[in-house]
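6 protein chains.
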Amino acid sequence: MTKTLKEYQLDERVDTFALLKSVEVRMTQQGKRYMALQLADRSMTIKGMKWDATEAEVSEIKAGKVVHIQAVRQAYQDKPQLKVLSIRLTQVGEPQDPTDFVSAAPMQKQDMAEEVSAIILQITNANWQRIVRYVLNKYHDAFLQFPAAKSNHHAFAGGLAYHTLSIVHLAQAVVKQYEQVNASLLYAAALLHDLGKVIELSGPVATQYTTAGSLIGHIVLVDEEIVLAATELKIDLQSEDMLVLRHTVLAHHGLMEYGSPVRPMIKEANILHQLDELDAGMQSFDNALEQTNPGEFSPRQWALDNRSVYKPENISFNSETD
Amino acid sequence: MTKTLKEYQLDERVDTFALLKSVEVRMTQQGKRYMALQLADRSMTIKGMKWDATEAEVSEIKAGKVVHIQAVRQAYQDKPQLKVLSIRLTQVGEPQDPTDFVSAAPMQKQDMAEEVSAIILQITNANWQRIVRYVLNKYHDAFLQFPAAKSNHHAFAGGLAYHTLSIVHLAQAVVKQYEQVNASLLYAAALLHDLGKVIELSGPVATQYTTAGSLIGHIVLVDEEIVLAATELKIDLQSEDMLVLRHTVLAHHGLMEYGSPVRPMIKEANILHQLDELDAGMQSFDNALEQTNPGEFSPRQWALDNRSVYKPENISFNSETD
Amino acid sequence: MTKTLKEYQLDERVDTFALLKSVEVRMTQQGKRYMALQLADRSMTIKGMKWDATEAEVSEIKAGKVVHIQAVRQAYQDKPQLKVLSIRLTQVGEPQDPTDFVSAAPMQKQDMAEEVSAIILQITNANWQRIVRYVLNKYHDAFLQFPAAKSNHHAFAGGLAYHTLSIVHLAQAVVKQYEQVNASLLYAAALLHDLGKVIELSGPVATQYTTAGSLIGHIVLVDEEIVLAATELKIDLQSEDMLVLRHTVLAHHGLMEYGSPVRPMIKEANILHQLDELDAGMQSFDNALEQTNPGEFSPRQWALDNRSVYKPENISFNSETD
Amino acid sequence: MTKTLKEYQLDERVDTFALLKSVEVRMTQQGKRYMALQLADRSMTIKGMKWDATEAEVSEIKAGKVVHIQAVRQAYQDKPQLKVLSIRLTQVGEPQDPTDFVSAAPMQKQDMAEEVSAIILQITNANWQRIVRYVLNKYHDAFLQFPAAKSNHHAFAGGLAYHTLSIVHLAQAVVKQYEQVNASLLYAAALLHDLGKVIELSGPVATQYTTAGSLIGHIVLVDEEIVLAATELKIDLQSEDMLVLRHTVLAHHGLMEYGSPVRPMIKEANILHQLDELDAGMQSFDNALEQTNPGEFSPRQWALDNRSVYKPENISFNSETD
Amino acid sequence: MTKTLKEYQLDERVDTFALLKSVEVRMTQQGKRYMALQLADRSMTIKGMKWDATEAEVSEIKAGKVVHIQAVRQAYQDKPQLKVLSIRLTQVGEPQDPTDFVSAAPMQKQDMAEEVSAIILQITNANWQRIVRYVLNKYHDAFLQFPAAKSNHHAFAGGLAYHTLSIVHLAQAVVKQYEQVNASLLYAAALLHDLGKVIELSGPVATQYTTAGSLIGHIVLVDEEIVLAATELKIDLQSEDMLVLRHTVLAHHGLMEYGSPVRPMIKEANILHQLDELDAGMQSFDNALEQTNPGEFSPRQWALDNRSVYKPENISFNSETD
Amino acid sequence: MTKTLKEYQLDERVDTFALLKSVEVRMTQQGKRYMALQLADRSMTIKGMKWDATEAEVSEIKAGKVVHIQAVRQAYQDKPQLKVLSIRLTQVGEPQDPTDFVSAAPMQKQDMAEEVSAIILQITNANWQRIVRYVLNKYHDAFLQFPAAKSNHHAFAGGLAYHTLSIVHLAQAVVKQYEQVNASLLYAAALLHDLGKVIELSGPVATQYTTAGSLIGHIVLVDEEIVLAATELKIDLQSEDMLVLRHTVLAHHGLMEYGSPVRPMIKEANILHQLDELDAGMQSFDNALEQTNPGEFSPRQWALDNRSVYKPENISFNSETD
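Protein sequence lines correspond, in order, to chains A, B, C, D, E and F.
Using the working numbering, the first residue of the first sequence is number 154, and each one after it goes up by one.
Using the working numbering, the first residue of the second sequence is number 154, and each one after it goes up by one.
Using the working numbering, the first residue of the third sequence is number 154, and each one after it goes up by one.
Using the working numbering, the first residue of the fourth sequence is number 154, and each one after it goes up by one.
Using the working numbering, the first residue of the fifth sequence is number 154, and each one after it goes up by one.
Using the working numbering, the first residue of the sixth sequence is number 154, and each one after it goes up by one.
Among the hints, erroneous ones may be present.
One copy or two, it doesn't matter: identical chains are merged, so the pair holds either way.
As the list claims (entries may be wrong) - Below 20 angstroms or equal to it, Euclidean Cα-Cα: the simulated DMTMM-like pairs (lysine to aspartate or glutamate) are: (1) Lys329 <-> Asp439; (2) Lys174 <-> Glu210; (3) Lys156 <-> Asp250; (4) Lys215 <-> Glu449.
Source of the hints: derived by calculation from the structure; they are not laboratory data.
Owing to the predicted nature of the structure, the values given are computational and were not obtained by experimental measurement.
Working from the sequences, and respecting the hints, build out all of it.
Listed below in structure tokens is the structure:
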């Protein structure tokens with residue numbers, strides 16, 4: 154069985170398949186052409202340098218493809234890097250499906266789909282349930298395949314559905330603890346809140362922002378989908394049901410500076426915003442801690458307002474305390 | 154012919170009709186009931202106090218009605234105020250239409266409607282022209298009657314259309330001066346940019362925010378209308394035409410802190426934002442200067458970030474320099 | 154059985170006992186002395202005016218005492234107010250215990266104490282468990298009696314313990330959902346995080362900030378208690394156990410602008426901060442919604458960054474969806 | 154006829170004259186000396202590298218001179234760059250005037266001078282007209298030659314006058330549309346507002362900030378010139394004419410954080426500020442769009458608060474709509 | 154000898170002379186005319202109410218005049234207030250000079266003038282010394298009489314010179330402690346830094362902002378004076394001496410948001426800014442502590458970013474520690 | 154006698170001892186291993202490059218050691234740099250004490266210790282004097298040896314004590330000038346304010362933040378020491394003496410955003426904050442000016458909010474003006 158990229162040691166010879174996430178053809182200051190690559194499998198993403206790139210390589214090797222590489226694992230500025238000796242596209246009989254090399258959510262698509270269905274049943278308000286069904290149905294596959302971000306938190310295939318379900322689970326705990334919460338509204342808005350990302354982002358492999366994503370943003374994009382659904386389903390857009398659902402989704406970034414056109418003015422909107430922050434924070438800490446040794450501080454994290462975070466040495470996790 | 158409210162002098166006896174903009178029944182600290190009123194005609198809005206309000210008055214006199222008053226004009230904390238001696242609803246044969254007492258835009262509705270039609274013809278892109286026609290048609294009357302704000306700039310009947318036309322005029326000057334501007338996009342977005350106010354606000358008399366206005370806001374409300382129009386007209390929502398039009402409208406507040414979910418990333422969006430600020434600034438200065446004597450500073454203006462503004466003594470206006 | 158203050162109607166004659174929360178002796182502009190009172194029982198707090206206050210009343214009637222009043226319920230600027238006709242301290246045989254008139258947490262002290270004990274057992278790290286026991290023991294009674302704030306969220310007797318338990322419950326849900334969380338650290342810090350309020354505030358009745366509270370603040374005050382406890386228990390202050398516990402408590406306001414001398418750099422510190430915000434938000438929304446009619450917006454809420462919040466008309470609560 | 158720098162293709166041999174905008178002598182990490190150059194003609198500015206720089210080259214080749222180069226056009230990190238093979242100063246008979254290599258405003262100096270004269274005639278207030286004449290006369294040549302900035306908007310020879318005229322043109326449109334504007338004040342302040350840049354910047358070639366520019370800034374520098382002019386012309390500094398003119402110029406950055414010691418408190422000051430922002434925005438967008446392919450986003454733009462901007466694919470310009 | 158205003162007790166009958174700092178004629182809500190007064194002597198400023206003001210009183214009694222009053226000392230909302238029974242202008246033979254009633258700096262004018270002269274001699278750079286002499290000479294009397302502010306810190310007659318000297322004294326301590334400071338520059342800029350206030354403010358009695366003060370501000374006003382002086386004295390405005398002096402004065406507010414058009418970029422400019430803040434802070438704390446009882450907190454102080462400050466009970470001052 | 158590092162010229166051969174402040178083993182892009190070094194003696198810190206580092210060198214050469222080097226002085230990107238030809242640890246008989254190579258405060262340790270003792274005697278309040286003695290005694294050596302920062306202001310051995318004494322000296326000038334200052338409190342707090350740095354930082358050589366420093370911060374760390382001292386000395390923690398001392402120390406960063414959990418609410422706390430800023434500003438300017446030629450601007454300084462600072466050409470220092 155093949156080794157993963159993470160398993161190779163410093164100075165070890167690498168001979169494997171990988172997904173080419175990006176490639177840039179550059180010149181050295183002295184004018185020689187080389188290729189700067191990002192290579193990935195499910196264990197990690199690693200930079201690679203192919204010096205003295207040939208014309209053929211430059212024209213053939215494209216981002217999003219599976220490649221075969223021979224290389225040596227080195228380190229550059231404290232980070233692992235591959236000195237790529239040879240690179241070629243894979244052939245018939247070799248791995249060719251990019252999604253086999255993309256890290257994925259810890260749940261299976263099918264399980265996530267089933268759980269979503271179960272939650273929809275808990276939405277007792279008919280209007281909200283119909284809207285959620287309609288919109289999730291329209292984007293069923295993308296919802297289960299897309300990441301929740303280009304990079305940072307939940308940037309893996311299936312990350313969108315996984316992040317959505319995390320929030321629904323937290324929402325269920327909140328509903329259990331506090332009496333005065335409208336569970337239907339909270340679940341409906343939680344299921345829809347980030348769905349605009351299926352239009353904002355390009356897809357699960359080599360994820361980029363789309364033009365629609367940059368010019369409109371996922372918050373308004375999903376609001377538009379809700380409005381179109383309501384029109385299709387003949388639900389009155391000016392009814393309170395529709396106003397509070399749109400508000401709860403629109404306000405989920407909490408602050409206007411973060412792109413919500415309105416601040417949360419309904420209790421369920423405030424809860425959704427807080428749970429979104431909590432779950433994003435969990436993922437951002439986990440990302441940071443993965444790169445950090447016990448007893449040390451991480452590099453500064455853009456997704457955490459530029460904080461570094463500390464990984465305690467002598468700390469154990471909750472399994473023991475259950 | 155009747156005097157306007159503004160024409161009465163200090164201590165003069167007032168006997169006239171007025172629109173009752175608001176009424177609150179209060180108690181003095183000693184426990185006597187009185188009515189605090191806002192009365193208006195086209196010349197001004199003035200506070201009034203009806204001491205010792207009777208049960209009948211309290212139950213009958215409602216905001217939004219035309220009333221007949223007898224009063225004395227006084228001043229309280231440097232501001233004019235009426236001591237109302239008697240107040241009653243008007244009867245058949247007396248003025249009863251509230252809109253006769255509301256200040257209005259300096260242009261006639263009909264003239265504004267015609268000018269809007271002429272501008273639509275200058276939108277040479279068919280998609281944008283059809284969208285603008287469709288949406289303006291749907292809200293034709295409200296567009297011509299609504300104010301552009303609850304208070305502050307353009308808070309008068311017809312203010313929405315008037316403010317819109319001011320911006321279109323400035324846009325025409327910009328198009329003339331700078332070569333690389335897409336006039337069709339700029340005019341289309343200018344005509345639509347504030348149209349969500351016909352849903353955000355309650356109407357031209359005794360204007361309040363609606364629930365939809367507070368929970369969603371006029372920026373997203375008009376975006377939803379554009380999306381519905383495109384669907385109805387079978388124009389592809391993901392076409393560049395539709396993306397840049399929605400973007401230009403969504404970004405017109407310029408900053409996310411001011412409620413735009415995206416910042417202007419298209420040149421025409423940036424122009425629209427700047428012209429909106431320029432026209433709003435003109436109105437805010439005019440409002441402030443109206444209350445200010447030459448050679449003095451106005452009270453601080455909320456609409457101008459709390460600035461006071463100065464009214465020069467020896468300054469004359471542009472007629473002379475033409 | 155006596156009516157509560159809330160049950161009296163407008164213009165009804167009031168004859169009851171109440172807690173005098175504050176009293177100020179003032180002059181009218183015309184120079185007459187009167188007393189402005191705040192009166193409370195568990196149903197509400199209401200302003201009162203005692204006109205023509207006598208010397209005896211002024212010298213005898215003090216905040217924090219139970220009084221007997223005769224009054225008429227009126228309204229002033231839309232708010233209920235009592236015109237107090239007579240006021241006197243209660244005598245033997247009449248109610249005299251202020252805590253009988255203070256609103257209280259929805260849980261009994263004894264139940265809260267037991268639950269806290271149960272949670273302490275879930276702290277499997279011996280150092281943290283000993284610290285928590287030591288400090289909670291030292292302030293046992295105050296912890297169960299104090300409010301969590303002077304006003305705003307959880308400003309009722311027992312509010313401190315109740316708010317603490319709410320956060321522990323949410324923490325338990327988080328521990329259950331996410332694998333990589335140190336439950337012991339999270340529970341220990343959650344139990345201690347606001348305990349400095351027993352020094353910061355004056356007590357459950359007529360709550361004020363103490364001098365120590367204003368000059369030092371509850372965040373540093375509890376850190377000092379932890380340090381003193383560790384010294385007493387001979388636990389090394391420089392051990393990682395002690396550093397991460399102090400950090401988690403110190404960082405719980407999340408931002409330095411909100412008084413935390415450090416931002417959360419440990420995952421459990423970030424969780425505690427988020428849960429603190431979530432629970433405070435729940436209480437602030439409930440406070441706002443209590444004063445609001447269905448289908449209307451609340452007045453602006455200081456505790457919610459000056460937002461008004463909306464109370465939907467047609468919304469039902471989670472009981473139905475369980 | 155010689156090719157411009159822009160016309161050379163990748164890998165093409167370059168043999169041409171150029172202006173040397175800047176030169177830095179550096180070492181490679183291995184300790185070899187080389188020269189990093191900025192070379193320009195009117196078509197573009199391009200980086201160049203002269204490896205193995207000789208002592209003679211280092212001492213002779215200075216910024217601001219016209220040079221002859223032989224080079225190869227390459228690309229480094231996606232940007233065009235010249236590998237310079239030989240470089241020498243030009244000799245008699247070859248081009249030697251730096252201004253022949255500097256990009257310039259789209260209007261001729263003479264035309265701009267004439268238009269300025271025409272506008273001065275529209276200033277009907279004698280004091281303002283005399284001040285404007287005096288100060289513009291004093292800096293006549295520099296006003297027509299200087300750029301409006303070191304880099305960013307209007308950073309080309311004649312840019313200062315061109316930017317000034319753009320604002321005057323917009324001001325004329327504003328005067329035409331709004332009745333209550335003092336045109337004389339607006340034109341006078343517009344003509345003077347950025348004139349301090351002739352002291353703040355070093356000149357049209359290889360533009361740098363002067364010491365006076367950094368320590369005082371162009372806003373105060375032009376205010377000082379106005380004050381000196383008034384003294385020379387015996388116009389009372391404390392007259393309202395002089396106060397409002399100085400205010401209008403001083404306030405043109407709009408906010409104190411942007412270097413205006415006062416915010417606009419006069420209507421014409423507010424207009425000037427808005428028009429300045431509008432014109433700067435036009436230039437910043439044009440700069441960004443020049444580097445951007447249709448259907449793509451630009452790199453982030455410092456001059457636009459770090460936004461990227463979008464260049465639509467299918468958009469046409471205003472010629473069609475005229 | 155007459156009692157000062159401060160010496161009168163609650164309910165005591167007052168019969169004295171005072172300066173009338175301001176007067177407003179108002180109506181009660183019931184429509185009766187009264188005068189709201191601010192009366193002052195050197196001991197304090199106190200509000201007064203003259204109910205039932207006569208026509209004669211209203212037309213005769215003006216701010217800035219010395220008046221004779223008969224009144225009763227009362228309290229309104231915890232603050233002392235006079236119920237004025239009679240008020241009239243003083244006559245020949247009675248006190249008539251307003252400055253006798255204004256609180257003054259703790260130093261005599263003459264002493265301040267002498268000390269300023271002594272410091273000028275310590276400015277060893279001839280250009281700076283000549284500029285300082287010229288400008289201080291031009292505004293000699295105003296410099297010694299004006300307050301340093303309308304209200305807040307140093308708002309007493311002579312406050313400008315006194316604040317200036319405080320800063321010079323601190324500057325002397327800094328010069329003594331740190332070797333690398335240019336004392337001449339620091340002293341010259343310290344003497345001039347706030348001198349623009351003689352134009353910004355109206356004078357020592359009933360101090361208001363002038364139009365020039367509001368539209369231009371004291372920072373630019375004094376820079377203009379320096380420029381005029383240099384021109385008169387034929388000192389080159391572009392010399393480094395003049396640039397650093399102007400910079401040091403212009404930058405003394407430290408931040409552009411506080412009205413300095415440039416931030417301190419010269420060491421002496423930074424020192425002057427810090428000392429200005431230190432001295433202003435001392436005065437603001439003293440103002441706040443004067444209104445505060447030992448062991449209590451002051452009301453929130455606008456001049457201290459809305460802080461309340463604490464007055465310790467058991468604290469003694471530096472005399473003991475000398 | 155050996156030359157210092159600063160005395161070597163460009164291209165000169167270097168043969169000397171130095172402290173190795175840091176070392177990083179890196180790869181060139183082509184995959185060759187080299188060592189990037191920071192070498193220092195008391196004259197300067199300089200970068201060094203040891204190309205083709207051997208295994209032996211990599212394993213032996215560690216930060217914090219004294220080394221012998223042979224090298225050539227070069228320049229890289231305008232900064233001096235050593236091309237290291239050979240490097241080895243020093244042996245017996247050669248210099249081996251790192252502190253001999255660290256730049257130090259301009260005062261001797263012994264002199265600083267004596268001056269601190271003298272100041273302690275000026276603290277006339279017994280509680281404060283005992284606390285200061287106790288805490289300074291506990292950390293006596295570290296207080297005299299530690300720097301005041303990792304980099305930036307006072308980043309030299311003994312810098313902590315030196316910065317502390319600078320502030321005490323300024324405090325003495327303030328006490329002399331202003332009457333109402335409690336000198337004992339100010340001196341006690343000044344002596345303690347930065348003492349937490351002996352826990353926050355790792356020591357005088359190769360200074361890093363400790364885990365305690367990052368997670369708790371020096372402000373709270375010293376507060377904890379004060380609390381422990383008071384407990385040990387049986388001084389009541391809730392006494393006003395202890396509250397105001399802790400407050401004054403806790404508030405010395407002035408703003409919560411800068412890490413003080415409370416803003417200065419006591420006059421002495423405000424003074425300490427201002428003096429801390431003044432002294433830090435002096436050091437930051439001196440650091441910037443050391444790298445700057447007369448008549449030029451420094452690079453932007455992180456420690457001065459990213460300002461560049463100007464070094465005047467023709468300016469002389471205060472010796473002349475004394």
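Evaluation of the provided hints:
1. Lys329 <-> Asp439: Classified as between; 16 angstroms across copies, 27 angstroms inside a copy.
2. Lys174 <-> Glu210: within (16 angstroms within a copy, 37 angstroms between copies)
3. Lys156 <-> Asp250: Close inside one copy (18 angstroms), not across copies (48 angstroms); limit 20 angstroms.
4. Lys215 <-> Glu449: Between. Shortest inter-copy distance 19 angstroms satisfies the 20 angstroms Cα cut-off; intra-copy 38 angstroms does not.
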